[in-house]
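Student: Spelled out, the chains give:
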Amino acid sequence: MGDEYPTLFRSEQMSLVQLIVPTEVAHDTIAELGELGNVQFKDLNPNVNPFQRSFVGEIRRIDEMARRVRFFASQIEKEKEPIPIRPLYDSAPLVTVGPRAAQTIDELDVKLAEHEARLTQMNDSYQLLSERLRELVEARHVLRETAQFFEQAAVRETEVRNSLDDSSAPLLQHDDREQQYSTGELQFDLEFVAGTIDRARLSTFERVLWRVLRGNLYMNYIDIQEPFVDPATGAETRKNVFIIFAHGDILLGKIRKVAESMGATIYPIDVNADKRADSMREVTSRLEDLQIVLYNTGANRRAELMTIGENLASWQDVVAKEKLIYETLNLLNYDVRRKTLIAEGWCPTRDIPQIQLALRHATEESGTNVPPILHELQTNRTPPTFHRTNKFTEGFQTIMDAYGVASYQEVNPGLFAVITFPFLFAVMFGDIGHGFIIFIAAAIMILFERKLAKADLGEIFGTFFFGRYIILLMGLFSIYTGFLYNDIFSKSLHLFHSGWSFSEPNGNDTSIVGIPNGHTYPFGIDPAWHGAENALLFTNSYKMKMSIVLGVIHMSFAVCLQVPNHIRFKRFSDIYTNFIPQMIFLQSIFGYLVVCIIYKWTIDWSKASTQPPSLLNMLIGMVLSPGNVDPESQLYPGQSTVQVILLLLAGVCVPWLLITKPYLQYQEMKKIQGQGYIGLGAEDVPRHTDDTTLEGEEEGNGRAIVEANDEEHEEHDFSEVVVHQVIHTIEFCLGCVSHTASYLRLWALSLAHAQLSEVLWDMTLANVLGMSGLVGIIALVIVGVMWLVLTISILCVMEGLSAFLHALRLHWVEANSKHYEAGGYQFVPLSFARVNEKQ
Amino acid sequence: MEALLFNVDSGFLEGIVRGYKAGLLTQNQYNNLTQCETIEDFRTQLSATDYGNFLANEPLPISTSTISDKATQVLVDQFNYLRSNAVEPLSKFLEYMTYAYMIDNVILIITGTLHGRNTNELLQRCHPLGVFDTMPALCVATNVEELYHTVLVETPLAPYFRDSVTAADLDDLNIEIIRNTLYKAYLEDFDAFCRTLGGPTAEVMHRILSFEADRRAINITINSFGTQLSKEQRAKLFPTIGRLFPEGNNALARADDIDQVRQACEPIAEYRAFFDASGAGGGAGGARPNGTGHGGGSESTANLLGDLGDDLGGGAADLEDRFFVHEVHLNKLAFLQQFQYAVFYSYIKLKEQEIRSLTWIAECIAQNARDRIHDYIPTF
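Protein chains in written order, with our numbering: chain A, 1 to 839; chain H, 1 to 380.
One chain only, chain H, in its complex shape (with noise of 0.2 Å):
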């Protein structure tokens, strides 16, 4: 059925994005880019693929956060290209994935008030995609109700904020609850959302956002480790659309060091794989460079959590790099499939992916750490 109708209406674009994606840097590129010796061969090596002369109007020398900035401008013009163009239900669907950068935004501004930044420097370090337009009176709010009240209670969030977030004060631990909760409340609702469109988008939308809820559960239970997050606490947060619900689930509430996560996540083959090379390979990982924008916002879920260990934080870093090589396996699959709208959400991630590759290798060729250069994740 899909097949007859939906070109009608998410044809054009989909072609366009299709076209997007034709234009993600392939691995000969990659290659390329890291031969670079300076920035500036960067730059001239970019300025022959689909980015194009998008640094060209930057006087000299550029830095990193330019870089990452001006090709999020990039990715943002396209995505509002796309969600200009798009009609019911697709520009529902876009709508949906502004959400996740919403929570994002919102979680950034009020640690940032909390901890005493200045609103404005927070403003510009938001997402672009997650801004609305009360956002700034968020660094008024002092407690969750007020929080609510004043801010997100126009919002698309507020739904997940009004039936999952009890009252509480505005702390570390706290504002990680809400996250943890909204991201829970969120990625059920798109999974719904998704359902009700059903067809492909259903099928392709529910695999990607599957892993991405066993994801966070996963990272949720290891980094709240030797933190004082209750265990029943923390089996609120889990999202309830993965594979890994129930059992799963309930494997991890209950677990205790990182084995127990390991055994939670055994009877899924795929998760197995994460683990066992984690375990050898530990600490391989480490300290990535600073600056690497906006892009981490989902990846630094827990690290404010608490204080993990030197080996486990290792082990996560690269379990974490396991997790995004699995996603853009996933979002590269959905590509397969066609008259549905899980490409527009891939094409996004993928996007945001290479950029953070983009960004990784411009920080390793300006810190001039050449030996770590190849650890990108590639998309296509």
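Next comes chain A alone, as it looks inside the complex (with noise of 0.2 Å):
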């Protein structure tokens, strides 16, 4: 069972078990398995609340470190000049396990505590120094402003005055007036508040001000040309400096009221010159001074932060283990005693015993001899689906979860899809060409994988980047497709000799017929129909033809994929009662429409004597007027039997698929009824033996939970089953005529491309290659680079993302539909691995 090679066509063999595991080496364990990340825990006391669970204060005090782990975080990414901060793989692991586990913890809290207090002491006496120095800049800046102004202010009242001097001064004031030039001083009569205020408020300021003193005021203000930064958010503000004039003692102090409470800073400014002229030296050594200590006190909050950079990233990775284990430890169970904690949880049955080893290896850290038990449990419950991928199969398998997880142990698409997908999306994307480009840029990527891995890509191209190996084979299964269509950049190749020759032209007659030369073509299309009038005409009849072909391939390959799930699940009766009619019912018109196309390709229908009948006219005709074949249009003889027989076959299905399953559920139910077995008494059925294969058999007849815990099994009823058949039956009768007619965007999606690639060329490369000179290489060169700029972004990406897109539709609705269940929930392990993803 469990020694199976691991494959992709199954999801893997799952066990529930149950670990027993001693409280003193639980932490250790956990912390093991969540290294090895191949078990998923269960929720052994969901009705308790969070906080209410065993390990809630271990959590609350990891979260405390956390916050603090956090708190240095920021404080770095804050600093300017980035701060180095030790990458994880380069510093000392911190060991958390073992006899020293809890010490480590201790250790390592009381150092962050520490680490945190001295940060913080030292934020808070850098920003009170900031702020200081803050407030001298400003000072200095309204000195200097308002010093300024003041002389603006004298040079004109001297000017007014002198004029007013030489005119018709009175004398008996002469003197004084001479006095105060000789002092140089200017006495203003009126008095002022100047401060500073924010930028963004002095309108406000401005407009409060005018209605609040009704205009009698004078202000005057200077924008500061350097911004003020917070040293706490590193937030920028910046202010502008104003000086008021007004008169009298009311109104100044309403006008301080006001400033202060818009949050404006005033400050004192003296009307003397000489003391402003001293105020402004004091302000600048003291401002020089704090300078000096403000540099000091950044240099050793700078040193504190690179120490904490050096275990930084060590840190947070414990912080987030440690939260993690003990989050796991508080889904477990105590004991009655509560000596040891019970874990339940899945996990992939091969891995049993590398959980084993890893149980023994905790055991052996911890230091004590009491091991942790495992062992398996008997349940009736579903697993968790867990597909095993890797880098490869990873990206093909994520396209098949998007649409639904697989039951467990169901038929995986993900498999069928590493070859599937990628060819139609070839088959849409046929250029040798572009099929070049996307896989070079495919390799690159897988070349440069690991250094590109650890860089974050942006969601964009981390998507690219993740879908790698998918572009790869699209890459290369285009270029497969594109020798097929002959087609590189629009353009064909001339591998072998040509089917056709032709003549010269003769005369005024511009049109050349081509003349079969005897050659056949050995791959793809022959480059003579490159260029003909009727190349088009060809093209399409083969693409359509073709889409057909491989649309009715890829279904029927769907409904044949029912048979391992119908036999893996133990549902025999599921072959002949869903699959057989509905493979008969397949084949019969639409395998016979293939086979017809095949054949019609076969004959030369140059020298036959009937003209090619369409094939499409013929399938309607078969359908709607059985028997009838007109002889004019006859592909081959007994044509009209032949079709009847199958349009019969395919009417027989039709109940077939309606009828048969609902009436053996209904043989069976009554056998069980009969058997005196009846709701829940079903328990002890002899077929419930095999306990790992019971996902099939819930399907079946009313068995009741044999381990009524918390899944509940519903019980079939017999209605269900009917409506469920009918309408199974309809969507797929109805499914098989869209679904074919679905597969014709294989062909509309490669004309389109085709045409545009043609487009392309015509209107640039084609008007230029054929210009000489210097005027035609410089042309060249240009429009050689606008062509392959088009040809990257339109062709190569937006045509190859739309044909991605109905590659992907073609596997969900049409394919997956025939045989895909997916009802099962994706296997969830305890991984530090995710983890570090997440971060």
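Quick caveat, the hints were computed from the structure, so don't treat them as lab data. Since the structure is predicted, the reported quantities are computational estimates derived from the model, not experimental observations. Just so you know, even glycine gets a beta-carbon here, dropped at the ideal spot from N, CA and C. Keep in mind that the hints are not guaranteed to be accurate.
Stated by the list, open to error - Taking lysine-lysine pairs in the BS3-like style, the calculated list, with each CA pair at most 30 Å apart, reads:
(1) Lys323(A) x Lys78(A)
(2) Lys570(A) x Lys42(A)
(3) Lys391(A) x Lys323(A)
(4) Lys78(A) x Lys70(H)
(5) Lys80(A) x Lys70(H)
(6) Lys454(A) x Lys391(A)
(7) Lys323(A) x Lys70(H)
(8) Lys600(A) x Lys491(A)
(9) Lys332(H) x Lys349(H)
Stated by the list, open to error - Per label pair, the in silico range of CB-to-CB distance:
(10) Glu58(H) x Ala752(A): 52 to 60 Å
(11) Ile567(A) x Asn85(H): 53 to 61 Å
(12) Glu364(A) x Glu37(H): 34 to 42 Å
(13) Gln338(H) x Glu731(A): 28 to 36 Å
(14) Ser91(A) x Asn368(H): 43 to 51 Å
(15) Ala102(A) x Ala56(H): 23 to 31 Å
(16) Ala56(H) x Gly404(A): 33 to 41 Å
(17) Glu203(H) x Gly404(A): 39 to 47 Å
Join the two chains into one complex using the hints; note that each chain is given alone, in its own frame.
Tutor: Dropping the structure here:
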């Protein structure tokens, strides 16, 4: 069972295991299992509040530590000059398992608290100093600006006064004025308030003042050029110096009050110029002192952050892991004596030995000799679905998981998608050149995989990188289909002898007719078709038929995938109630069409006696007027009989599909009732021996719950089965028609792609290739670049995305609907690796 | 008609607000919260709700005012998101909602200034939704005239003020009168605005606003007993859009004691219930813990108006709770109707109520008053 080679065909065998862990090794055990990453723990106490669980105290402590670590990280981030954070792989590991684990955590807690206290203190003093510095700088600005203002005013004033002097100055006051002038002082009889205010608030401030003082003020303001930076948040504020003149103490008081409430800072400025100069000097000297102190504080703080940066990565790691461990421990149950913890969880059956090993290792590490005990539980519950993928299959599996997670042990379409997906994509994208471009792009991503995986790529490019192996295969397959279509950037390759030869044009007859020369072009489309007048007609018919052929093959294959499911889940009756009628229905109509298509290709219609029949009309005629085939358009003799038989076969399949399954169910139900089992009593039905393959069985009878724990197996009503089967039948029969038609998108997109690339060639390069001389070279370079850019952006990226989308749809809708139940749920193991990824 | 065109402009925001509404705490979550032993438990419990890690970066110990502030911040952020994405007439509607907070802030500052409080402290206590540019300048005003001409003239409150407030000195009584007059004018204006919007918005909003109006009328009446507020003055403060208008309002205007108030409310079945039970269970209420935060701006309506007797006070507090319960009920009803703006109003009110309840529970935990922890008002 467990030693099967792991395969993508079905999801892994899972086991429900129970771990009985002694309390003292619980932490180390979980840590070990987290490193291993293949156990999914079940919540054993879902009814307990999060804060009433056993390990909530530890979690809280870890939360507090996490908060501190986040605080450090944000502080380091805010620092203007980047502080190196030593990467995780470079720093010494902090061992949090083993006998010294608790001590390590305690020490770490203390250390973090110390660092935080120190850092907050430094921040506080830094902030205080910065605040003071800001005030001084502002004061200097205010002083400087007011000084300028007064000087200007003085000059103006002097001019005015001088002119007055000359003419009619009263003599008596002359002395007085002389004195004034001699001191170089100007006594303003207005008093004023000066300070700084946030620029955004300036206009409001002015407006309010205007209204408060009813216009009795003179206000002047000047921008301060450099912004002020808040040391704590790093936000910039821009400020203005203002100076307001007003009359009287009451008004000045009001101004001060308004200014304060609006968040302005007022600085006392003296009217006297000398005193202003003095205070300017004082401010400047204090500013210098403060800057030195501030620099030292900043340097200290930086040094502290550097030491934090040394260890930050490992702290983050430890804190995240510990949190996860305790959260997991909270899911476990204490036994009665509270000596041991009981854990339940899912794990892949083949990994049980590995888990055993890990458990033993954990015991050794922690230095005790009581090992945790692991044993498998028999269960009735559906295990989670786990596909073991590698980096190559991961992308393809994700595509299928996006549609729905496979039911447990169901045939996984992700395996087949590895080939079918790139192939269907390539059918729509067939061009050697474009295929080569995306192949190269994918190859580059794969070559630099390690480097790119570490870098943060952003959402869009990250998605492309995740799908690099899909893209690689898409490129390869596109090159292949490109050879089939004989298309390279809309041109064709001439690799072999063409099957057509063209005669020289004679006279005024411009059209030349190709004559078959006996060769058969061995691979792909004959290049002679390129440029021919009826090229489109030919390729259309070819691609259209090819899409139908591919579609029917793809769908038939999908229908076949039911069989392994039916066998695995022991639903043998489903093979002849579902699979066989579905297959016959599909083949008798659409399989027949495919055969006809191929048969029609094999006939040389130029030598045949009849006209080539239209296959579409043939198919319509087959359904609408069975038995009548126009001899004019007959494909082969006896066609009408064959078609009637096939139609009858298909017709029989519908009631077959509709009735047999419900009937069998009904029979079985009656049998069980006849044996005397009703409802819950069905517990010990003899068929119920194989517990691991229970999933399929729940389809059937009214079997009840063995382990009545938490999952409800709903009882299947008979009417439910009937309704389900009716819907299923209708869906399948109508689906066959519409899905076959849906595969025509292969043709449509391939046509669109080819035409678009031809148009691009004709509009750009074709025009300049003929030019000669210098102009020709320049034009060729310019247009060539343009062509390349458009080829990549439109034809490769845009068209590629659209073809991807359609390939996706063909898989999800057309193929998956034929067999895929997708009723499972994903296996989410406890894994430290995942936590790191998330960070 | 609104079904046809509503989603063109407001479909996105309605979706957002209904999403927000789904994040309101449920009864179950309230039950869990009330079982918490410490504020830390409280935080852990809240982190499992839509509040998420809004307290994760707070150093311990956490005070209840921090919880209330942070929760209000969540509300304010959501409101601002709605407002910045809204177009006319929804943006106007949302703006109208902020006027109520503006009134509260104006009153808070002038009362504070009157009692000589520090302006900065007052500014911090203002509700962030009602902040306007020139608000700090309110502290300069010393009389009503000045108040209007300096600050309010350029706020949206100006018309309410101009039309209804006559010049008088600022004192406690006058401030209360100003508050109630402003509120009356505001409610009437808001209702008129909603009526211009028409359709279900008008219908639902009228239901909510008329209850708000009646609640204020009853509160004013009860709180004015034993104060120097004359009956004529009192009558002028009653909003005229409530269900009690006009007969009920007239009866309230004449009322002298709580019994007459009850009689005035008799004709309306829902209101009758408030008094029925409040008579019986009177005195069950009592002093709420302090620091219920800004949320309680409106219910403190007239605690300043006069000192009430103890028995009456108990009854009033109880009545207040009943009002809240009924308001929550009306707001919940608003979510039953689609293509209308009332959901925005209701959501904000419900969220506010939720924050009040959270703060109450946190307060009870912090003060170890576990017997009263269940007196919160659940929303959903």
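Student: Each of the hints needs a verdict: does it hold here or not?
Tutor: Verification of the supplied hints:
As the CA atoms of Lys323(A) and Lys78(A) are separated by approximately 26 Å, the hinted pair is consistent with the 30 Å bound. Between Lys570(A) and Lys42(A), the direct Cα distance comes to roughly 29 Å. Compliance with the 30 Å bound is thereby established for this hinted pair. Among the hinted pairs, Lys391(A) with Lys323(A) is consistent with the structure: their alpha-carbon atoms are about 29 Å apart, no more than 30 Å. With a CA separation close to 23 Å, the supplied pair Lys78(A) and Lys70(H) stays within the 30 Å bound.
For the given pair, Lys80(A) sits about 29 Å from Lys70(H) by alpha-carbon distance, which is consistent with the 30 Å threshold. Distance hint between Lys454(A) and Lys391(A) is fulfilled; the C-alpha atoms sit about 15 Å from each other, no more than 30 Å. A distance of roughly 25 Å separates the Cα atoms of Lys323(A) and Lys70(H); the hinted pair therefore holds under the 30 Å criterion. At most 30 Å may separate the alpha-carbon atoms for a hinted pair to count; Lys600(A) and Lys491(A) meet this at roughly 29 Å.
For the hint linking Lys332(H) to Lys349(H), the alpha-carbon distance of about 10 Å falls within 30 Å, and the restraint holds. Restraint check, Glu58(H) to Ala752(A): a C-beta distance of roughly 58 Å satisfies the suggested window 52 to 60 Å. As the Cβ distance of Ile567(A) to Asn85(H) is approximately 57 Å, the hint placing it in 53 to 61 Å holds. Distance hint for Glu364(A) and Glu37(H): a CB-CB separation of about 39 Å, consistent with the stated range 34 to 42 Å.
Our hint of 28 to 36 Å for Gln338(H) and Glu731(A) holds, since their Cβ atoms are close to 34 Å apart. Checked against the hint of 43 to 51 Å, the C-beta distance between Ser91(A) and Asn368(H) comes to roughly 45 Å, which is consistent with it. Distance hint check for Ala102(A) and Ala56(H): the Cβ-Cβ separation is about 25 Å, which falls inside the suggested range of 23 to 31 Å. For Ala56(H) and Gly404(A), the Cβ-Cβ distance of about 35 Å falls inside the hinted range of 33 to 41 Å, so the restraint holds.
The beta-carbon spacing between Glu203(H) and Gly404(A), approximately 45 Å, falls within the hinted interval of 39 to 47 Å.
Checked against the numbered hints listed earlier, the structure breaks none of them; every hint is satisfied.
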